[in-house]
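Please build the complex by placing chain X on the supplied structure of chain E, with the hints as guidance.
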Amino acid sequence: MSYEGKEYDVIVVGAGHAGCESALAAARMGCDTLLLTINLDMVAFMPCNPSIGGPAKGHVVREIDALGGEMGRNIDKTFIQMRMLNTGKGPAVHALRAQADKVSYQHTMKKTIETTPGLVLRQGMVEELVVEDGKIVGVLTQTGATYRAKTVIITTGTYLRGKIIMGELMYESGPNNQQPSVRLSASLKQHGLELVRFKTGTPPRVHRDSIDFSKTEVQPGDENPKFFSYETKSSKNQQLPCWLTYTSEQTHQIINENLHRAPMFSGAIEGTGARYCPSIEDKIVRFSDKPKHQVFLEPEGANTSEYYVQGLSTSMPEDVQLKIVRSVPGLENAEIMRNGYAIEYDAIIPTQLWPSLETKAIDGLFTAGQINGTSGYEEAAAQGIIAGINAARKVQGKESVIISRSQGYIGVMIDDLVTKGTNDPYRLLTSRAEYRLLLRHDNADVRFTPLGHEIGLISEERYADFERKQKLVEEDIERLRTTKVKPDDVNDMLKAADSAPIEHGTDVLSLLRRPEITYAMIETIVPCSDEMTEEMKEQVEIQLKYAGYIEKQLLQVERLNKMEKKRIPDDIDYNDVSGIAFEAREKLGLIRPLSIGQASRIGGVTPADISILLVYLEHYNRVKAARAN
Amino acid sequence: MIMDTIAAISTAVGEGGIAIIRVSGPDAIAGTSSVFRSRIKLNEAESHTIHYGHIVDPKTDEAVEEVLVSVMRGPRSFTAEDVVEINAHGGVIAVKNVLDVILQLDGFRTAEPGEFTKRAFLNGRIDLMQAEAVIDLIRSKSDRAFSVARKQAEGKLSKQIKTLRQTVIELLAHIEVNIDYPEHDVEEMTSAFIRDQCSSAITEMDRLLKTANEGKILREGILTAIVGRPNVGKSSLMNVLSQENKAIVTDIPGTTRDVIEQYVTLNGIPLRLLDTAGIRDTNDVVEKIGVERSRSALEEADLVLFVLNYNEPLHEDDYELLKTVQHRNIIAIINKTDLPRALNIDEVERFVPRDAIVHMSVALDQGLEGLESTITDMFFEGQLESGDLTYVSNARHISLLKRARQSLVDAIEATHMGIPIDVIQIDVRQAWESLGEILGDEAGDSLIDQIFSQFCLGK
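Sequences listed follow chains E and X, in order. Residue 127 in this note's numbering sits at position 127 of the first sequence; the count goes up by one each step and never skips. Residue 413 in this note's numbering sits at position 413 of the second sequence; the count goes up by one each step and never skips.
With the rest of the complex left out, here is chain E:
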């Protein structure tokens, strides 16, 4: 039997990392929002590694936070280890990575959702989309409820026709033996969305008391942890170490002897796996000359004995998994608590989306997270907040928010997905960004907080804080630019730093530009204002030290923006544009880029095609203008 449920502005299907951000953003922007999930105990569940952040991923968490999202705050409350990575490298690639207490991460997020005004969290499995005249109007659940809404966001993760594979064993399942979502795929297809089959996997978990830590190396957290959220000022969280060990010759032998039982090679797995997340059997086959691989042992929480065995992701049968695990030094007597497995699921081809993450096929329907062909909690959350913002803005009759490649990793990822698509689960890497030096961990607030404030996700108070910080940073830069020092003032300091002494008076700025001279050294000569925090000093130092390179990248961005600003009208028919190569015409028609910039990034579209398109657009606009008069 079916019945009419309540009507909402926005419905979010799925409460993983994408769904949580979507629902929170929409509700905080004033929309009546319903968040539906198959199992309420799985809100913000981390089905794979117990960590958040790292290069590019950590940058994205900062961006989500600067935009007014939840992931940064949530991990700051629940981390059991915090580490700044890449500190020996340049400022653009410093990256924060946290180990999470998985259960407390979930509970904390669930509590935030439950206490957010305008947001309803409800258990329920969505089986069908309700679409009228090409426009989404609601969803139908397994229990017969029809919930109507102006916009719907689908964030089904790996649940869509999920299938777990472990050796010869294969069964329909969502992650971690959850009930999969089987019928929704058909409804998506029926409304014109094309699906692909992707695969991912996870390693076994072992009991802490069965690990011999003496055979491993300790990997502690930072003594003075930094945080993801600009709001977090301090933390009392106790930190736990991770441990490092390696596979042995025996591990490789066991795997090679059992390859015939590996679904990866027997043909049982049809989905495309992520290259950056290969199983141990895959690594050993593809890199057979590498004698050993790293294995990290990571606690899954403060109140559990489960340890995540990073590096041993596998879909081998249970008996082989046990042998593999026990061939690793330190794990000789390990007890497996959960098996590793591979999981296949349906995803949509992301070129079917606008950069707002709205589907081209169904008006008002958005998708975010793994369903869009990505992998990773952070990638999902980032899409989640953008889909949430744009679904809410659509309800409110406002223009979509589109993040450019030069603004943030969020923009890089979404542009990659909707412009180029992806052949395997997409992971963010800093190397995907052209303007890495501009997209830093430290300046995420400069890049996103004004936008977050404008769209209503950043409070007045936080925005005032941000503006104050900016002002102090600018004043300090000006101070360093204008302060002069004499040789007697600084030559001792320079000598101590192994830096050439000065002969004449000079401004402090030029000294700070020397690679070997830090802000801290300068501070001993010309102290800064008491109001300057470490964060602000870092900002000043980076902006001054890398000014030359930053300017170069800004110049490139300016060029990019020119192209991005050349909009392509949505009613353009590429068949009317004579002279474009066949392949380019086909791709342009399919992807329907919003700007010349986006068009130029489509694979197979050549600079000559772009030239022709530019000429056609000029012609088109003039004709249009002539008609209007």
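Be careful, since some hints might not be right.
[To be verified] Cross-link-like lysine-lysine pairs, in silico, DSBU-like; alpha carbons within 30 Å at most:
(1) K6/E / K233/E
(2) K323/X / K552/E
(3) K420/E / K162/X
(4) K162/X / K552/E
(5) K290/E / K162/X
(6) K562/E / K402/X
(7) K420/E / K159/X
(8) K6/E / K537/E
(9) K233/E / K420/E
(10) K189/E / K159/X
[To be verified] Computed list of chain E residues with no C-beta within reach of chain X, every gap over 12 Å:
(11) D41
(12) M170
(13) V196
(14) Y246
(15) E434
(16) L472
(17) I502
(18) D571
[Said to hold, decoys possible] Where chain X lies over chain E, by a calculated footprint (3+ residues, C-beta under 8 Å):
(19) 145 to 157
(20) 400 to 409
(21) 420 to 431
Simulated from the structure, these hints should not be mistaken for lab results. We put the CB at the ideal spot given by N, CA and C, even for glycine.
Chain X in isolation, oriented as in the chain E frame:
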């Protein structure tokens, strides 16, 4: 795209004529001004004015060419952008040198076919009616460029650029893995490693750039001067080679009064033949001009065909000429072998190696094969410094290769300054992109592919 400043020679290039190099775009005036030595600064010059001065190579600070430069500020210009036109009149090489200096400027690149017109259109400068013509132009030129590009892509050059690019991308992937997987047990990226990789790429680039001039010879033909005393059969030889009858052939000394150019292909090697007036002292004014031109043609030539008469002993003029040209790439053609011998060949061998002496009778059409094979041998056996047929011949390719090289030099310099690797990466990536532009490859995902095929990564 639109933001770039573009430059190209916008008149047909001819010997001795005036050539105009047109520059258009936001940096046109400031950029040109930076290499223009004159009483006036171009960026202070009023629009639609012409200025006298010299184009100076900033690297050597030497004047490359004496020029007249006109400044036209947008939108009152052909493209509606800031436009500078450089009038040069010193012949092909001087004009190319000027263009080279301009293209070295930051943000400047060679204009694509039809690009000035395209910009004029996009900026609303020319009529709508011309739109189709512009499209046709872009399309046909790009099609042609494409087929040329494809031919080159199949060639040795692209193979070498690809190898170079592979070296650079492996370095890039290594840097990226260090950044994106800081805890993985991949080899730590050191300054020394970056320097090694960059240096070996630079060495290879230098080798390719050295061939650039030879590539020009191949593309434009071996500039070949036919010299000899009057009436030894130079024009007849040329006619045989070109199988046409362009030059005037008479028995009266001095009737060939000007330099005549002919393109011929000999065993697949393009020759640009310069027939010269007989070189000798003369008082005839008209003829004197011809003789002067011959001498200058001789100086420019890549190959000298020295024609001698079998039927006459070596003349004083011959000795003088032989002395002038003996250190050049020279082939002595002993013509008129159908007549009785009066020439002392041993004497000729004092100046010309024996295997570069060819006997011919142009009148009887004998000995042409001998000439062909001698040129071929000389060409392929490296006497023209061209043992390898891989050439970077395209001006665009040369400037991209130079740019890539500069980026790697910058990267090496940055390692000495203690700049962090992710910042050095910017230079290395720039080198990789410049090399990619030569091949017409899109940057795309190939770096990501490289990272995952080169390193074992994952959780």
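Exercise for the section: Hints the structure violates: just list their numbers, smallest first. Expected result: Failing hints, ascending: 1, 2, 8, 9, 10, 14, 15, 19 and 20.
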